[in-house]
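Chemist: Going line by line, the protein sequences match chains A and B. Residues 1 to 182 (my numbering) are what the first sequence spells out, left to right. Residues 1 to 253 (my numbering) are what the second sequence spells out, left to right.
Which chain A residues face chain B? A few, computed with CB under 10 angstroms, are given here: (1) 23; (2) 27; (3) 32; (4) 51; (5) 64; (6) 74.
These stretches of chain A come out as covered by chain B in the derived footprint (C-beta under 8 angstroms, 3 or more residues): (7) 117-124; (8) 171-177.
FYI, nobody ran anything at the bench for these hints, they're computed from the structure. Note that beta-carbon positions come from the ideal geometry of N, C-alpha and C, so glycine has one too.
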Amino acid sequence: MFPMIMGDRQVDSLQSLWEKYGRYMLAVANRCCASPDEADDVVQNVVVRLAGQADRIVNLPDMEIRKYLARAVRNEAINRGLFNKKQIAVTDTISSEAAQNKPDSTNTEETVILREEIRKVQTLISRLPAAEQQALRMKKVSNATDAEIAEAIGISENSVSQYVRRAQKKLLVMYQEEEAER
Amino acid sequence: MKEQNPVLSNERYIDLLTELVLEQEEENEVSELANIPDSEINTVSDERAKTVWRDCRPLIRKSKGVCTSKGNTKKVPARIINIAACAVLLVCMIFPVVLAGNAQFRKNVYKLIIDMQPSGVEISMDPDEDQSFDVPSDWEGEYFPTRIPEGFSPTAIGSSGALDLWDDADHMITLEEKDPQSRAWIDTNGATMEPLNLNGKSAFLFEKTYQDGRKFHTAVVNLEDRYFIITTMNMTRTETVDIAGSIRRVSGN
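For reference, chain A alone in the conformation it holds in the complex:
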């Protein structure tokens, strides 16, 4: 870890970022969390984390900033075990993305199996206990450290790898059971 000095300029950038996107971040957090208090806590953590890089973010285009902040808030909510997925109504973008990527209908069939596989694994992940889902998301997407995962789900740091592996093994077993039933 290399220390990064945060100067007044970054604090100023952070403040202007907050003035423009503070309420947006809170609205995002409202979607990600079950209560306003949890949302406020999540946003507060994100703001402190962003402090050292605000001057870089503030110059990005509007949509890039929104995505950046949305990702930060979402992942912070996940890492703190406060993420409430049900409040984010996402359409079946896997299908629509695959459809967009296909120049003509002849290719549609080519992605059907891939989409089926993705959907199947999506379903299997949702069947895992919440803590295992959280550990997988933190490990695979949020780039959280073992220490952060351990703290979030209340296990020892030494057990994290084993915990994640066990969740993966469960997915494999469930997958194979489904295949066997076919």
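Use these hints to put chain B onto chain A, whose structure you have.
Modeler: Here is chain B on its own, set in the frame of chain A:
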């Protein structure tokens, strides 16, 4: 060269699919959240925003002296997303795959591979196996394109083994050779993907234009025991496909 081991175990396959699902899930949710309507944002009161900011200030002041880069770089990048799992999954699917155990499982994946082969897009470029071609002396890969457009010269080979070539008009070509276990980073956020067949080699072409106008094409070509990635900046699709289709084994040169 790294040891080649084009084996995809059941565990690795599920692991890759899991990463793909979770990363797509993240991208989808971030897109949804980024487009929260103003009417919803307006439900957040100024008072609440002021309170949160006020509570943040002491913590910011505390971190004003030193904050660690770990905290700053914690997975919040917006522009370049890690789609390694996606890329590796696609690459694995177009590689010869050996799966342990379950026959049904193996059959499904083979079907997946067969179905991923492009049906409508066939790029025909006659291979000229006898053609000699120049390869930079410090290139460590076993393959290299025979067709590099005029005016490009190699600059440096990075630590990952990628070679950058530039011309005077700021066009760029990056060449990388990877084994099946390697990870590749491709920004597919908002990109289109097209399956190709290049002289019998299966490939994928990603195309993305950034807001500042830079246009990138990335071709990932299956070379049986490894894959080759060609990224071009501000060049045409045809030029990129032309380079990708000209990859030949250096030792056979």
